[in-house]
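**Q** Residue strings, one per chain:
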Amino acid sequence: MSFLRKKRLFILLIGFIFFVALIGFSLRDRENLTNVEEFVNDTVGWAQGIIHAPINFITDIIGNIDDFKDTYNENRILKEKLAEYKGLIYEVQELKEENEDLRNTLDLKDDDNIRDYTPIQATVMSRSPERWIEQVTINKGSNDGVEANMAVRTPEGMIGKVLKASPNTSTVQLLTGFDQFNRISGKVSRGGKGKDKDIFGMIEGFDKESKSLVFRIIEESEKDLKEGELVISSGMGGVFPSGLVIGTVKEVVPDQYGLTKTALVEPAANMYDMNQVIVVDRSVQEDLKTDEETTEEEGE
Amino acid sequence: MKRLYLPLILFLLLVLEGVALELLPGNLLTSDLLIVPHWVLIFLVFIAIFYDKDQTYFSVLYALLFGLLIDIVYTDVLGVYMFSYALIIYAVHGFKKLLHGNIYVAMLLGVCGIALADVSIHLIYTVIGKTDMVWKAYLMHRMLPTIGSNLVFLLMLYPIVVKKLTTWGREQLTKSNTI
Chain A
51 MSFLRKKRLF ILLIGFIFFV ALIGFSLRDR ENLTNVEEFV NDTVGWAQGI
101 IHAPINFITD IIGNIDDFKD TYNENRILKE KLAEYKGLIY EVQELKEENE
151 DLRNTLDLKD DDNIRDYTPI QATVMSRSPE RWIEQVTINK GSNDGVEANM
201 AVRTPEGMIG KVLKASPNTS TVQLLTGFDQ FNRISGKVSR GGKGKDKDIF
251 GMIEGFDKES KSLVFRIIEE SEKDLKEGEL VISSGMGGVF PSGLVIGTVK
301 EVVPDQYGLT KTALVEPAAN MYDMNQVIVV DRSVQEDLKT DEETTEEEGE
Chain B
31 MKRLYLPLIL FLLLVLEGVA LELLPGNLLT SDLLIVPHWV LIFLVFIAIF
81 YDKDQTYFSV LYALLFGLLI DIVYTDVLGV YMFSYALIIY AVHGFKKLLH
131 GNIYVAMLLG VCGIALADVS IHLIYTVIGK TDMVWKAYLM HRMLPTIGSN
181 LVFLLMLYPI VVKKLTTWGR EQLTKSNTI
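For the protein sequence lines, the chains are A and B, in the order given. Residue numbering for the first sequence follows the numbering used here, beginning at 51 and increasing consecutively. Residue numbering for the second sequence follows the numbering used here, beginning at 31 and increasing consecutively.
Heads up, some of the hints might be wrong.
Stated by the list, open to error - Simulated crosslink set (BS3-like; lysine-lysine; CA at most 30 Å straight-line): (1) A:LYS276 to A:LYS258; (2) A:LYS261 to B:LYS160; (3) A:LYS300 to B:LYS160; (4) B:LYS127 to A:LYS56; (5) A:LYS300 to A:LYS119; (6) A:LYS311 to B:LYS160; (7) A:LYS311 to A:LYS258; (8) B:LYS194 to B:LYS126; (9) B:LYS126 to B:LYS193; (10) A:LYS300 to A:LYS311; (11) B:LYS32 to B:LYS126; (12) A:LYS247 to A:LYS311; (13) B:LYS193 to B:LYS83; (14) A:LYS300 to B:LYS166; (15) B:LYS194 to A:LYS258; (16) A:LYS119 to A:LYS131; (17) A:LYS131 to A:LYS276; (18) B:LYS127 to A:LYS57; (19) A:LYS258 to B:LYS166; (20) B:LYS127 to B:LYS194; (21) A:LYS56 to B:LYS126; (22) A:LYS247 to A:LYS136; (23) A:LYS56 to B:LYS83; (24) B:LYS126 to A:LYS57; (25) B:LYS127 to B:LYS32; (26) A:LYS190 to B:LYS126; (27) A:LYS57 to B:LYS83; (28) A:LYS261 to B:LYS166.
Keep in mind the hints are simulated off the structure, nothing from the lab. Nothing here was measured: the structure is a model prediction, and the numbers come from that model.
Let's have the full structure, built from the sequences with the hints guiding it.
**A** Okay, here's the thing in structure tokens:
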């Protein structure tokens, strides 16, 4: 009997050591998933694809009924907006031409542009039931060109970044799950020079109490931020392209030492109601650049 | 073939957990309440009570396996669900020797199991720094809504699966060379 009890204790202790080792292994900064994880992710992702279709159908119907109620008001507002857009289109076209001319005179190549990216369309398959881990699974993986650390957006704005990519699925960490290890270089565009220049800063994580992103302003700027101003990614970090909408300023508060200012930013995209997302692939132009460099070297 | 039923049902529940949050109304998701589906755990509790005999440990085995699968698919920290689920199911397996298997016992063990598993997950996530929720807030915003919603699921699942599980358990006993 005592042997049996000892054996049980022995198993429990070995299990505990194994458990600590496993957690330690997964908390390490690892670049790639193990083969087992990739296989499991893809298998479950495949099953989710089957389950997802009928459930999506039902939620769509419920959503449609809700939409019908607002259609009349929305339609009126949209018509007004449409009239505005017509004017905007001409303006944008002129600006584009002007931009191109200026770029040509400056002798900049197209692939120097930090705005450019290739979009990869994907569908959200599932969301982690563990609410502390804010991540969703999408149905595109490394076979489709998705890689870790790519930005993910919806038409409204940025929603997160690719955490890990399996061959056919990948997990996306949402902005609401960002911490100080996942910073985004952002800016508030002011469109001027001198005193009116853009305000740069870093998105330093998500504050769960106020339900907003913490945007720390790096430099002391002359002009204060106002509520409702748009924060977009600046592209300076090298990971995300510039021009992705992150959110709007909700409140500006001094930070805990009173030296810099922190803006609370409400994410522009809805993190709880999304279906189609776009993975932002910046790597194409990087490849192009390296190719050119190598050919130049060969030429020499 | 019949031996495949249990893992298949568990796998289905695992997949369904991922879309469960989409079925909830949107304002519940944006509110402070954190409702976490523990459907796999509930079915494992049923297996422990109605399928397993005193000397078989299928439920613990499945708890280890599907806990690990949840860890891989839905969280990026391996071992948390695996360890919590296996430990809780082992305890449930021990308790069911003392109690007769009926709906009240299933409810009691189910609620205790969910509460303990969730506390253990919270504890581990606090230690490794994935969450920093105060215990009081955790109790009000996460534990009680989670237990409540999972209890509803348990009561819905009970009439569907229990008879089947008992018959499968009996068949397993007659062909005692299953493992």
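**Q** Taking the hints in turn, state whether each one holds.
**A** Structure-based check of each hint:
For a cut-off of 30 Å, the pair hint linking LYS276 of chain A to LYS258 of chain A stands: about 22 Å separates their Cα positions. With a CA separation close to 17 Å, the supplied pair LYS261 of chain A and LYS160 of chain B stays within the 30 Å bound. Restraint check: the Cα-Cα separation between LYS300 of chain A and LYS160 of chain B comes to about 26 Å, which is no more than 30 Å; the hinted pair holds. Distance hint between LYS127 of chain B and LYS56 of chain A is fulfilled; the C-alpha atoms sit about 21 Å from each other, no more than 30 Å.
Distance hint between LYS300 of chain A and LYS119 of chain A is fulfilled; the C-alpha atoms sit about 29 Å from each other, no more than 30 Å. For the proposed pair LYS311 of chain A and LYS160 of chain B, the alpha carbon gap of about 26 Å is at most 30 Å, so the pair holds. For a cut-off of 30 Å, the pair hint linking LYS311 of chain A to LYS258 of chain A stands: about 19 Å separates their Cα positions. With a C-alpha separation of about 18 Å, the suggested pairing of LYS194 of chain B with LYS126 of chain B holds against the 30 Å cut-off.
Pair hint LYS126 of chain B plus LYS193 of chain B holds up; C-alpha atoms about 17 Å apart against a cutoff of 30 Å. Under the criterion of a C-alpha separation no larger than 30 Å, the hint pairing LYS300 of chain A with LYS311 of chain A is consistent with the structure, at around 13 Å. Taking the CA atoms of LYS32 of chain B and LYS126 of chain B, the gap is about 24 Å. The hint holds against a cut of 30 Å. A distance of roughly 17 Å separates the Cα atoms of LYS247 of chain A and LYS311 of chain A; the hinted pair therefore holds under the 30 Å criterion.
With a CA separation close to 15 Å, the supplied pair LYS193 of chain B and LYS83 of chain B stays within the 30 Å bound. With a CA separation close to 28 Å, the supplied pair LYS300 of chain A and LYS166 of chain B stays within the 30 Å bound. The straight-line distance between the Cα atoms of LYS194 of chain B and LYS258 of chain A is roughly 44 Å, outside the 30 Å bound, and the hint therefore fails. Distance check on the hinted pair: LYS119 of chain A and LYS131 of chain A sit about 20 Å apart at the alpha-carbon level, within 30 Å; holds.
Taking the CA atoms of LYS131 of chain A and LYS276 of chain A, the gap is about 24 Å. The hint holds against a cut of 30 Å. Annotation: proposed proximity of LYS127 of chain B to LYS57 of chain A holds, straight-line Cα distance about 20 Å (limit 30 Å). Restraint check for LYS258 of chain A and LYS166 of chain B: the C-alpha separation of about 16 Å stays at or below 30 Å, so the hint holds. A hinted pair counts as satisfied when its Cα atoms are at most 30 Å apart, and LYS127 of chain B with LYS194 of chain B qualifies at roughly 20 Å.
Among the hinted pairs, LYS56 of chain A with LYS126 of chain B is consistent with the structure: their alpha-carbon atoms are about 22 Å apart, no more than 30 Å. With a C-alpha separation of about 29 Å, the suggested pair LYS247 of chain A and LYS136 of chain A falls inside the 30 Å cut-off, and the hint holds. For the hint linking LYS56 of chain A to LYS83 of chain B, the alpha-carbon distance of about 23 Å falls within 30 Å, and the restraint holds. With a C-alpha separation of about 22 Å, the suggested pair LYS126 of chain B and LYS57 of chain A falls inside the 30 Å cut-off, and the hint holds.
With a C-alpha separation of about 25 Å, the suggested pairing of LYS127 of chain B with LYS32 of chain B holds against the 30 Å cut-off. A hinted pair counts as satisfied when its Cα atoms are at most 30 Å apart, and LYS190 of chain A with LYS126 of chain B does not qualify at roughly 44 Å. Distance check on the hinted pair: LYS57 of chain A and LYS83 of chain B sit about 21 Å apart at the alpha-carbon level, within 30 Å; holds. Taking the CA atoms of LYS261 of chain A and LYS166 of chain B, the gap is about 19 Å. The hint holds against a cut of 30 Å.
In this structure, the hints that do not hold are numbers 15 and 26, in rising order.
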